[in-house]
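Under our numbering, think of the first position of the sequence shown as 3, with each following residue one higher.
Since the hints were derived computationally from the structure, they do not count as laboratory data. Remember, it's a predicted structure, so these values are computed and weren't measured experimentally. Incorrect hints may appear among the rest.
Unchecked claim - The list that follows gives simulated cross-link-like pairs (lysine-lysine, DSS-like), each with its CA atoms no further than 30 Å apart:
#	residue 1	residue 2
1	K17	K49
2	K80	K24
3	K80	K49
Said to hold, decoys possible - Quick list of the computed label-pair ranges, beta carbon to beta carbon:
#	residue 1	residue 2	range
4	W38	A76	18 to 28 Å
5	A84	R13	39 to 49 Å
6	A69	R5	13 to 23 Å
7	S79	E55	28 to 38 Å
8	K24	S48	25 to 35 Å
9	L50	A76	16 to 26 Å
Backbone N, C-alpha and C fix where the C-beta goes; we use that ideal spot for every residue, glycine too.
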Amino acid sequence: MARQSDGEYARTLMKVLEEDCKRMGGSEAWSSIVLWEAEELQRQASKLTVSSEIAREMRLLADQARARVRETRAQTSKADAA
3 MARQSDGEYA
13 RTLMKVLEED
23 CKRMGGSEAW
33 SSIVLWEAEE
43 LQRQASKLTV
53 SSEIAREMRL
63 LADQARARVR
73 ETRAQTSKAD
83 AA
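The task is simple: from the sequences and hints, build the whole structure.
The following block contains the structure:
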């Protein structure tokens, strides 16, 4: 099997994170997975040899995923409190 280029690997990481954000719903387990993936994506953005545009996309997606987890957790907390 051929090794992925850094750009292909970056796109794969972003796709996985996007898919998992869709699966997350109100699940605490999925929220934790998404947070871990967002952190990993952030780390890889500075390690991989990719264009600055792709690195910027990676960081933006990681930020969006973290925001979505915060929003989901806030909604879950409100529902639990009610």
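Each hint tested on the structure:
| no. | hint | in the structure |
| --- | --- | --- |
| 1 | K17 <-> K49 | 18 Å, holds |
| 2 | K80 <-> K24 | 21 Å, holds |
| 3 | K80 <-> K49 | 38 Å, violated |
| 4 | W38 <-> A76: 18 to 28 Å | 19 Å, holds |
| 5 | A84 <-> R13: 39 to 49 Å | 40 Å, holds |
| 6 | A69 <-> R5: 13 to 23 Å | 33 Å, violated |
| 7 | S79 <-> E55: 28 to 38 Å | 36 Å, holds |
| 8 | K24 <-> S48: 25 to 35 Å | 26 Å, holds |
| 9 | L50 <-> A76: 16 to 26 Å | 32 Å, violated |
The structure shown violates the earlier hints numbered 3, 6 and 9.
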